[in-house]
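Engineer: Chain by chain, the residues:
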Amino acid sequence: MNPGDAIGLSVMLPLLGALGIALAGRYPNLREAVTLVTAGAVFATVLNLVPTVMAGGRPGLEVFQVLPGLTLAFEVEPLGMLYALVASGLWIPTALYSIGYCRGHGEENQTRFFVCFALAIFAALGIAFARNLFTLFLFYEVLTLSTYPLVTHYGNDEARRAGRTYLGILLTTSVLFLLLAIVWTWQLTGTLEFSPGGILAGRVDGPLVAILLGLYAFGTGKAALMPFHRWLPAAMVAPTPVSALLHAVAIVKAGVFTVLKVIVYVFGIDFLSETEGSVWLMYVASFTLLAASIIALTKDNLKARLAYSTISQLAYIVLGGALATMDGVFGSGMHIAMHAMGKITLFFCAGAIFVATHKKNVSELDGLGRTMPFTISAFFLGSISIIGLPPTGGAWSKWYLALGAAEGHHAVFIAVLMVSSLLSIGYLMPIVGRAFFFPSSEKQPAQSGGLAGFWAGIEEAPLLCVFPLCLTAAGCVLLFFYAPAILELLQTMSLVR
Amino acid sequence: MTEHLPALQTALPLLAAPVCVLLRRAALVRVFAVLVTWSCLAIALSLLQEVLGHGEISYALGGWVAPLGIEYRVDILNAYVLVLVATIASVVIAFPLAGRELRIPKERFFLFYALFLLCLAGLLGITITGDLFNIFVFLEISSLSAYALIGLGRDRRALTAGFSYLVMGTIGGTFILIGIGLVYQMTGTLNIVDLSQRLPPVLGTRTVWMAFAFLVVGTSIKLAAFPLHQWLPNAYTYGPSVVASFLSATATKVAYYVLVRLLFTVFGFAFVFERVQLSALLLPLSLIAMVVGSLAAIYQTNIKRLLAYSSIAQIGYMTLGLSLANLDGLTGGLVHLFNHGLIKGGLFLVVACALSRVESPRIESLRGLGKRMPWTMAAFVVGGLGLIGIPGTVGFVSKWYLVLGALDQGLYFVAFMVLASSLLAVVYVWRVIEVMYFSDEERAPERDDAPLSMLLPTWVLIGATIYFGLDTELTAGVAEQAAAYLLGGAS
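Sequences listed follow chains A and B, in order. Residue numbers for the first sequence follow the numbering used here, so the first one is 3 and each next one is one higher. Residue numbers for the second sequence follow the numbering used here, so the first one is 53 and each next one is one higher.
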């Protein structure tokens, strides 16, 4: 396939899928088949682009011109390639999982759910392949709006309130700061194209660099930098598959991806390190990183704890970008993939526990390891990856982030990263510990020893829930070994003009 | 034939209006009015094409050459406005009239169509003519028919709303007439092009300054620019929704056009923005309009009044573009003229659709309509996104130019306010969306959407807000040319 067509196809397929899902709404099995086929086809198409990009190619597709100089156009570069792979690749297990979850849990309005889901993936791919800030902003807002019905899925007062927070913060930041930053950039440079080495060098100086970067960093509300992080915990009222793919992968990664793109292709890391315009951002990111981890420690609701963990992990990626060093950017890029795989596993597990036992709180999980050994083991692997220990992918991204901090002579942030790792041990490991080693609070069925007894004691969620989470848990380990491939992809990125 | 198109543009609807009264039969009149309006659109489009291809058209009415005779003069600016007015009219006229919203019985619907065509003739006349007194004449034709159209609303308060519109409109009209008189006194001409040459030597006189003040205030009343907007909310609230749709998308826009014409062609950039420094007044008022209009919209309980207050805010965007007085700002103002026409016209048609199924225009009565009338309510969502200015809708294009215009002038605060006020739009739009889609009823209501004959015109306008949000050649492209043309004479 011609790479240009592959780009168009991979963006359009989820949109067509959404249409197909809407049309097949009356036949649940057909509808689910459409979702799965679309997800598979999208991933295959995206995968098809990898060799070209790896070889240094930058396939592009210009759709049309909206205003003079503002075009709706796509171009695939390594960061976007990676994000697209993550978003489309993880859609497949999530689609399987959603089917199991929605049916196991008897959700209503499933058609709307799956349609909006496909639309969100459409927007995510648009963001991933955007060639300029305008295209990125367009899909950024599509992503916000298409996920609003998912957040408010249950239609009750709690959902309505959460929806207000969600939309309020994401629209406010994007319209007020991000759009202002984009128009300002256009006014300064006359272009919005992402280009190697940035477009702002020499066009702006002094404290304005830091202000403009601030507009971008806070304007990208999806990156959940404090104090604009409240929407993410609020969004947890959504059904768990939404939290898993969207609020751990597609949406939040769209945010940090945007920040990274802006740092690398609009400012340029050389320009930022010369002007030191991003130093303040390192501190804000570090604060978010530590504060969110500490808040996570205090949360008893499992999904809320994971949400704060996500906020903390997103700040790692922003920090890596703000360091404005090559290794920092590589570390951030890798962390997009590593954290995605780890966090989606954790959310899948949280959802599976909810479907099987209707338990939402950490304090209720005592002894669950006996009845749900697969889920809790997967949770363990995902946790290891979030903490950043071998043999999981998370170890590599942390390694490169620390290298980036050293390279930029900001050793203090190495310490921040280490402290945060300790904190994440603090909020994740007790969950696994409780599940495996604490006695269950409920009455136990008589345990007969041996393998037969082990199988008899299992009361897992439906297979369609458990299988995907085992898959992504295995993915966490696999990424440890495939990290060099990701690094190789990222290294083809041209960071200087 | 084609050289007479400028005359036909106004003569056709003007002559067709009495024919409606003769035809009388509702169905027959409707078909006739639709055909006439669509012909007007065809004429407007061919005029625009002609102007884009071959430059300005000057047409001497009755063969009497200007400055003695009345000249119809079509340049890129008014060709663009003609297209907007004719487009909105063509869509609205096709919308089926609902007896529920009108105080006249079906046998007398022909009166509506006659008034509508008169109003259209007036609006097109104001736009196309190159003669200042002629502008006043057509202004009165359109205004008088507009008062009557508002008064057709079923709610008895429509009569008082129409009456106060009449009072305010007449004051505005009188101011304009006084201004024209003073200008005529100083120059001895009423032709706009002629005026633009004869005025400069006398610009220092107090008479001209007075004329300027009367003309600007008079048009601002017609435009409903803050703080002269008091007539608008009631008129749109109690008038029939189709009338509100038509007037909100055309009448205020044509008044805006007159203001632009006066400022840039008649009085000239140097006088208006350097000697009088109109921006010092207009800019803060525009900002207040944006904020106060949006805040007022947030607190409304009636959907039509909400849209009316939103109009006041949106008119603030348009006058803001004017007061920035640079290429991007003026382009933003002019493109918003078209864009807001599409959005607000479409949204009032959505209300008309909804009122075919529910009794009252109270927001509360829309509860749960998201399930019952999915297509109608989806149209509201899309139109609302346009008001907010989400990328991919026309609202974004306007906002883009306005923010850029503000940044060009170094007015960072203004740029910030444009964006901040669009967040207020999020609040008032989402208030309605929440009511429509979150219902406490357990069982989903039966699907009972408006008929296709209503949905189709609505979606034509709402669809256009998306189309012109992505393909801006006809809107922003032409608006930018018009802005360059207006500023070209100045700098």
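Source of the hints: derived by calculation from the structure; they are not laboratory data. Glycine is no exception: its CB is placed at the ideal position from the N, C-alpha and C atoms. Hints are supplied without guarantee of correctness; some may be wrong.
[Claimed, not checked] Sample of chain B residues at the chain A side, in silico, Cβ under 8 Å:
1) 468
2) 469
3) 471
[What the hints assert, rightly or not] For the chain A half of the interface with chain B, some residues (derived, Cβ under 7 Å), not all of them:
4) 65
5) 68
6) 139
7) 140
8) 173
9) 178
10) 185
[Stated by the list, open to error] Distance ranges between label pairs, derived from CB positions:
11) A/272 with B/416: 35 to 41 Å
12) B/237 with A/208: 42 to 48 Å
13) B/152 with A/193: 51 to 57 Å
14) B/486 with A/302: 28 to 34 Å
15) A/197 with B/322: 40 to 46 Å
16) B/152 with A/157: 29 to 35 Å
17) A/159 with B/499: 24 to 30 Å
Engineer: Against each hint, give a clear statement of whether it holds in the structure.
Structural biologist: Structure-based check of all given hints:
1. At its closest, the beta carbon of residue 468 of chain B sits 7 Å from a beta carbon of chain A; the interface hint therefore holds under the 8 Å criterion.
2. Interface restraint check for residue 469 of chain B: the shortest CB-CB distance to chain A comes to about 10 Å, outside 8 Å, so the restraint is violated.
3. At a threshold of 8 Å, the smallest CB-CB gap from residue 471 of chain B to chain A is about 5 Å, leaving the interface hint in force.
4. The beta carbon of residue 65 of chain A comes no nearer than 9 Å to any beta carbon in chain B, farther than 7 Å, and the hint placing it at the interface is violated.
5. For residue 68 of chain A, the shortest C-beta to C-beta distance to chain B is roughly 6 Å, which falls under 7 Å, so the interface hint holds.
6. Hint on residue 139 of chain A holds. Least Cβ distance to chain B is approximately 6 Å, under the 7 Å limit.
7. The restraint placing residue 140 of chain A at the interface with chain B holds, with a minimum CB-CB distance near 4 Å, inside the 7 Å limit.
8. With its C-beta approaching chain B no nearer than about 5 Å, residue 173 of chain A sits inside the 7 Å limit, and its interface hint holds.
9. Here the hint on residue 178 of chain A is kept, as its CB sits about 5 Å from the closest CB of chain B, short of 7 Å.
10. About 5 Å separates the beta-carbon of residue 185 of chain A from the nearest beta-carbon of chain B, less than 7 Å, and the hint is met.
11. Remark: the range hint 35 to 41 Å for residue 272 of chain A to residue 416 of chain B is contradicted by a beta-carbon distance near 58 Å.
12. Hint check: residue 237 of chain B to residue 208 of chain A, Cβ distance near 56 Å, so the stated range 42 to 48 Å is violated.
13. Taking 51 to 57 Å as the suggested C-beta distance range, the pair residue 152 of chain B and residue 193 of chain A conforms, at roughly 54 Å.
14. Distance hint check: the CB atoms of residue 486 of chain B and residue 302 of chain A are about 30 Å apart, consistent with the given range 28 to 34 Å.
15. The hinted range of 40 to 46 Å is satisfied by residue 197 of chain A and residue 322 of chain B, whose Cβ atoms lie roughly 41 Å apart.
16. Residue 152 of chain B and residue 157 of chain A have their C-beta atoms about 30 Å apart, which keeps the hinted 29 to 35 Å range intact.
17. Checked against the given bound of 24 to 30 Å, the beta carbons of residue 159 of chain A and residue 499 of chain B, roughly 25 Å apart, stay inside it.
Violated hints for the displayed structure, listed by number in ascending order: 2, 4, 11 and 12.
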